[in-house]
Amino acid sequence: MKKIEAIIRLSRFDAVRDALADIDLRFFTLSEVKGFGLQKEQRTYRGSTYDPDYIARLRIDILTSDVRVDEIVSTIKKAAYTGEVGDGKIAIYNVDSVLRIRNDDKDENAI
Amino acid sequence: MKKIEAIIRLSRFDAVRDALADIDLRFFTLSEVKGFGLQKEQRTYRGSTYDPDYIARLRIDILTSDVRVDEIVSTIKKAAYTGEVGDGKIAIYNVDSVLRIRNDDKDENAI
Amino acid sequence: MKKIEAIIRLSRFDAVRDALADIDLRFFTLSEVKGFGLQKEQRTYRGSTYDPDYIARLRIDILTSDVRVDEIVSTIKKAAYTGEVGDGKIAIYNVDSVLRIRNDDKDENAI
Amino acid sequence: MIDTLAHLAFDPNIVNGLQETVSQHSTALIENQFRTDNLWILVAAAMVFIMHLGFSALEAGFVRKKNVVNILFKNAMIIAIGLLTYYAVGFNLMYPTDVEPGGWFSLPSLGLSPGEGDMGTGYGDYTFWTDFIFQAMFAATCATIVSGAVAERIKLNSFLIFSGLFVAVCYPIIGMWKWGKGWLDALGFIDFAGSTLVHSVGGWGALAAIILLGPRLGKYTERGIKAIPGHNLPLAGIGVFLLWFGWYGFNGGSVLNANPEAVSLVFVTTSLSAAAGAVGAFITSYVLFKIHDLSMVLNGILGGLVGITAGADLMSPNEAVIIGLIAGAIIPFSVVFFDRLKLDDPVGATSVHLICGIWGTLAVGIFGSAAGWAQLGNQAIGIAAVGIATFTFAFLLMFLLKKTIGIRVSNKDEERGLDWAEHSMKAYE
Amino acid sequence: MIDTLAHLAFDPNIVNGLQETVSQHSTALIENQFRTDNLWILVAAAMVFIMHLGFSALEAGFVRKKNVVNILFKNAMIIAIGLLTYYAVGFNLMYPTDVEPGGWFSLPSLGLSPGEGDMGTGYGDYTFWTDFIFQAMFAATCATIVSGAVAERIKLNSFLIFSGLFVAVCYPIIGMWKWGKGWLDALGFIDFAGSTLVHSVGGWGALAAIILLGPRLGKYTERGIKAIPGHNLPLAGIGVFLLWFGWYGFNGGSVLNANPEAVSLVFVTTSLSAAAGAVGAFITSYVLFKIHDLSMVLNGILGGLVGITAGADLMSPNEAVIIGLIAGAIIPFSVVFFDRLKLDDPVGATSVHLICGIWGTLAVGIFGSAAGWAQLGNQAIGIAAVGIATFTFAFLLMFLLKKTIGIRVSNKDEERGLDWAEHSMKAYE
Amino acid sequence: MIDTLAHLAFDPNIVNGLQETVSQHSTALIENQFRTDNLWILVAAAMVFIMHLGFSALEAGFVRKKNVVNILFKNAMIIAIGLLTYYAVGFNLMYPTDVEPGGWFSLPSLGLSPGEGDMGTGYGDYTFWTDFIFQAMFAATCATIVSGAVAERIKLNSFLIFSGLFVAVCYPIIGMWKWGKGWLDALGFIDFAGSTLVHSVGGWGALAAIILLGPRLGKYTERGIKAIPGHNLPLAGIGVFLLWFGWYGFNGGSVLNANPEAVSLVFVTTSLSAAAGAVGAFITSYVLFKIHDLSMVLNGILGGLVGITAGADLMSPNEAVIIGLIAGAIIPFSVVFFDRLKLDDPVGATSVHLICGIWGTLAVGIFGSAAGWAQLGNQAIGIAAVGIATFTFAFLLMFLLKKTIGIRVSNKDEERGLDWAEHSMKAYE
Ligand SMILES: Nc1ncnc2c1ncn2[C@@H]1O[C@H](COP(=O)(O)OP(=O)(O)O)[C@@H](O)[C@H]1O
Ligand SMILES: Nc1ncnc2c1ncn2[C@@H]1O[C@H](COP(=O)(O)OP(=O)(O)O)[C@@H](O)[C@H]1O
Ligand SMILES: Nc1ncnc2c1ncn2[C@@H]1O[C@H](COP(=O)(O)OP(=O)(O)O)[C@@H](O)[C@H]1O
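Chains as they are written, first to last, in our numbering: chain A, 1 to 111; chain B, 1 to 111; chain C, 1 to 111; chain D, 1 to 429; chain E, 1 to 429; chain F, 1 to 429.
Do not rely on the hints blindly, as some may be mistaken.
In silico DSSO-like pairs for lysine-lysine, Cα to Cα no more than 30 Å straight-line [what the hints assert, rightly or not]:
1. E/181 to C/34
2. A/78 to C/78
3. D/226 to E/412
4. A/78 to C/3
5. D/412 to A/78
6. A/106 to B/34
7. B/78 to E/290
8. F/181 to C/78
9. C/78 to F/219
10. E/290 to C/34
11. B/34 to C/78
Negatives, chain A to chain B, calculated, CB over 10 Å [stated by the list, open to error]:
12. 11
13. 17
14. 19
15. 55
16. 71
17. 73
18. 108
Some but not every residue of chain E turned toward chain C, in silico, with C-beta under 7 Å [unchecked claim]:
19. 223
20. 225
21. 227
22. 229
23. 287
24. 291
25. 295
26. 335
27. 337
Honestly, the hints are just simulated from the structure, not real lab data.
Bear in mind the structure is a predicted one, so any value in this text is a computation, not a measurement.
Glycine included, each C-beta is placed from N, C-alpha and C at the ideal position.
Put together the whole structure using the sequences plus the hints.
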């Protein structure tokens, strides 16, 4: 099994969620994160401009079986794409095992 | 070493924390995440019902030595269990190495 | 490629960010997490003291190539250090692959 | 005999003196009453001012986090622009001095200064400046009503231009028809404190604006109507309570003096209608949605307040309860109705101010001491005339802005939030 | 001679005219004073209204995020229900017209309408409707006091039924004993603006309710008392300041006219007691907990305000300072005391309103112009009688509800939060 | 003949009676006016009280999340300490009874009690206690002004000591120079409601304090000035609107009676200056920063209010607009200016209260009915004298505290936040 971790723009989330739903992937976990990268946003406050360094982003964590990784990754890639700096990253990790708390499903069954 | 990532219900957190304390595991990192899964909650606002898609959940990250994994996983499983859809998942990953910032402890010592 | 996950104090973040910038590492993802560990903070409210158990912490996630890991880890370790209990942990994981959403960069190029 | 008379014959100076003192007393009595009346209208003006905070809080609470700075900014500017333009032209437009009763419009002079004796009892129950400031506080409210409806997607500049002209030109001309002794007044149209002249005017402006502006992105999707919940309901709750408080000045001050009988009746009808509005919305929203929707109850309170405003001085408390109940009960239906029409109004301004404003104005023909078919007809004429005029003005103005500088922010800015796009600020850190 | 007299002999009509004018002046003078007095009571009523916002904000700030919509909803409904029921029966219960001084109870008639002359000077210093609205604003406060104490675990429906009956029946009957010229008044019991009649009544109701309701889950554990911190202290702070502001209407309006001497003294004693309450709580909470606890200082201010309420018109400013200091100093002890008894009161309503209400009522027998053993005795009788009656009423009513429709939400709903369970809404997005 | 006279010869008792009634009327007329005047000052005092909530909300909104409990705690204590010390010594210091016009200082007696007749018309247009409470509400504001400037880094204890002495000693002595009929009054210095005596005094105190205290950590770095944005702009917005509302009491009450002409003019000038302040800040901040900065517009409103305060009764509405425009336009420059000097003022208190206070005081010599070179000179003398005295007092007191108990929290506590360090509480959960 693999874990797919995608850092995306806030504004692309709806598109990504819908695209994932279209390939019948409806289970994932979302976190609000702050991205430090090439893209910058300057803000102003009381006459001093300041750079909050980060841009609010979302991280989508998906646990999935090895065979589905490519499909999911390309779906996210397409839906999260704007072409401007700051579109984000997708990273893939190996997962040792997965369990479902509600019953005794393990690994592939638990996803 | 392994990292255990458990996605649990908000309402089970106290139970999980106490159960972990009972097996003398008191160190972990908690994040607030949004779970997209089978369980849904419908909300109403100004006459339109809407589905916020996600349910607020907690993620517990535990770094631990290989030998303790089973004990911890089964403890979490028991404490986080309600039997209803939405109890969550536990995933286990391999960790290359761990360091303690405060001193030079490494790996098993640093956990 | 590796992923470095560092749990640090809120108050050391500026130092860590600047130190990382000095070794020309400007891309990372930050999350706000709650640390349960040795360090405790007691709070008072309406006459009852209570222990919120956790301390607010930050998690820095860095995707990087294998060769840079040591440099980054030691930079974080130095900048996040206070010597008191609660300085935090750094964990290193293996990453299967990384993609940049904006273009077709993969793995080392995408970092 | 003469002696007898003599001891009666006191100095006539005494009586003369008495006469003089008594006539001074007559003046002093009038001045004392004037002092109390004037004081009440000033205090009422300050209370109406608080309604602007109420609107700001309500609207800020009902929008998303990313548009909060923008809504606060707009509301702070509206009250400023409203006061200044009403000073420059609005007051003169609304209360023409070359009073030609029954008229439609009168060219205003620029700026204000009290005439001879206008700061004393000669002007009425309050001074010229009291009159101005009380009216000025009213004027800005109708622009604030629009601001809620167009929230989260309108361009700041276009909105400020729209509001400025709406307050400076449209509101006072319409107001003149009734309160400036114009044709609606001559007709016999009744609108005590402005269910139509303030609230519906604001509501029509809002309606025209949201028709041209279109709904927020993602509100009406193929998969149905998506709720976009407000980000901070305590803020909205504070807003509603402050509006209710301010309404005591709005309606109570509209008695235009401190007449104990009238003002106390108005306080009672206002209170009971607001309370009944809450109950009305509580019941219908539960029946419709099987849910206790706080946002509906808050709007129900406002609906009750708007509803009683046209006839707060004419209704018995029992009638005020009925008017409020109906106003509150209308709210959930009206909100759903506008949603069905895909008219996106984040705070429910059209339901509260337009629909309940119409209801309250009609209610004067149905309930209370002025009720009757003829009156109901007059009320309907007033509603229609004001509606047509305001809607047309607002629509044309917005249309002009749309075709020139544009009225809607880019999709990207809307997604990002106006706080970032227009202010590069965040409401919360 | 005659000539001399002749020039003195003015027309008697002049004197007759004078007489008439002077007698008109006499009426006008009374009416002017009436106008001012009436205006003050109306303004005071609006200020008391703001206390409902104060309570809402305070309570919303002191609960957890997941119960905020619920507390706002309850408070919005309470004021609505309170006004309507007080209009329907409460006022008549509290101020029976077939006044039988010294009585305990008098069957009310339904609904209100002013009698002949009740809207003029014949009624007193204000009109009938002014009387009603000022009293109505008071009535709802005592239910609001309960709402804070039972927060985060009570069923909405049961609470609304409880509040409705509490305001409609219990509060006015008790109030009648003193303010309606009932037996407590005949006895010589003193309670100027309601330390006992409003605040303790609310406090006893709260006590009965939390006894039957039990503490929030997780509050009293085997591992000891767990603090459950409020989610938004700025909101609580806003609430306390608004309550303080409203108290100027609550106490100042209770003079029942605009008598300059009395009202200004009441303003001063109220202000100084509130200030001293802050200092009292500051000191004791620091001594007890070695910490500057904002929630205690905020409650200390409220304690000082409740404490002075019974005797705000009788105390010298020095005495007001002492009363406030003691009230403030009591708060931290009282909060800890109720926690020891495992009586869970999220906002400290029992400490503020019940304990400081008792203290303030007793203080009238200890300090100020009415002090004395006999008075102290009367005060104690009043406190005890009101306490027994209110507690019994509230306990039985809650008990009945518990046995029938239930008063407590399920554990699951409590964990999830009432906002989800009762409203399917979120306070913040 | 005699007969003719006889029918004129009515009973002299009638005239005597009339005389008596008329003279009672004279008293009653004075008392009625007194009643209205006194009522207004009391209502105004309550409105000034609300300014403390305004300041608390504004300051709480402009600091970071981790210092919110601390700022609320400080503000709650300041108003308490302010009222109590002003009662103990302040009022006597400021309004010495052994009035020696033109003086600099008069040793106060401790505590207050009204003399014979001081609670009636003999005292003036209001009672002794009304006088005290209105003034007392003013007093605490100047300490509140300091609290915003020193936020996020000052030690709680040092701050409370500083504020207590500042309010109890410095403010009333300075105030006595003008309002207590001291030398500035004799000189002809004009300051209607306290642009200098209240706002600049607070501003000078703030300036002295932030010089000694130093900037917040991380504000002025090698890489330039770092903005430290406030955590909650809606809270700040609520604060500004409440301050504006309270200002109607602050300026309107400073008329010191309910004179319709004067109070209504003051309401108008105050409103228009605030509105113009918003516009002034809107324009300059856009020109300077190319951004619509809400925090600047909010400060601009306050600047306009402070600016008009010295001459609210002397200005025509047109002049009020100009004064407000300039005040608002100054704000963004002033904020940048203080930042350049590395004087860190999280809420802009020095810009709003000190700079606009100076501007408003000078404006009395430039605009309005008192304008003239001589007056401008007097205004400058007053500004300078008050500035030197207040700055010196505040600087020495802070310096003493710095050398003894310390005025700044440790770096660690500052990083962690004062809520944790001083209160072990969190503002939000
Ligand atoms: N090496 C990295 N490690 C962790 N997160 C990264 C890394 N590089 C980029 N990110 C995340 O991806 C986001 C987007 O990256 P950025 O460099 O701004 O644009 P792009 O993805 O177009 O190259 C960043 O805000 C950050 O959250
Ligand atoms: N494939 C997955 N990848 C990541 N997170 C998942 C995945 N499946 C479930 N989760 C997380 O677990 C939570 C619970 O899952 P859900 O399907 O609702 O119920 P259950 O765990 O009982 O099957 C989800 O809300 C989500 O956060
Ligand atoms: N085994 C663990 N798994 C996950 N996170 C941990 C673990 N141990 C410590 N942490 C994280 O590191 C933080 C610091 O740890 P702590 O024990 O308080 O101090 P120290 O790092 O100095 O030993 C904790 O608050 C927690 O977030």
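Hints versus structure:
1. E/181 to C/34: violated, 61 Å
2. A/78 to C/78: Violated - the C-alpha atoms of residue 78 of chain C and residue 78 of chain A are around 40 Å apart, more than 30 Å.
3. D/226 to E/412: Distance ~28 Å between residue 226 of chain D and residue 412 of chain E Cα, so the pair holds.
4. A/78 to C/3: Holds, at roughly 24 Å.
5. D/412 to A/78: holds, 18 Å
6. A/106 to B/34: holds, 22 Å
7. B/78 to E/290: violated, 41 Å
8. F/181 to C/78: Answer violated: residue 181 of chain F to residue 78 of chain C is near 65 Å, above 30 Å.
9. C/78 to F/219: holds, 24 Å
10. E/290 to C/34: The hint holds at about 27 Å.
11. B/34 to C/78: violated, 33 Å
12. 11: holds, 16 Å
13. 17: Non-interface label on residue 17 of chain A violated, nearest chain B Cβ at 7 Å vs cutoff 10 Å.
14. 19: holds, 13 Å
15. 55: holds, 19 Å
16. 71: holds, 18 Å
17. 73: The claim holds: residue 73 of chain A sits with its nearest Cβ about 18 Å from chain B, beyond 10 Å.
18. 108: holds, 13 Å
19. 223: violated, 10 Å
20. 225: The hint holds - residue 225 of chain E has a Cβ within 7 Å of chain C, the shortest such distance being about 5 Å.
21. 227: holds, 4 Å
22. 229: holds, 4 Å
23. 287: violated, 12 Å
24. 291: Constraint on residue 291 of chain E satisfied, holds at 5 Å.
25. 295: holds, 5 Å
26. 335: Since the shortest Cβ distance to chain C is 5 Å, the answer is holds.
27. 337: violated, 10 Å
The structure fails to meet hints 1, 2, 7, 8, 11, 13, 19, 23, 27 from the earlier list, while all remaining hints are met.
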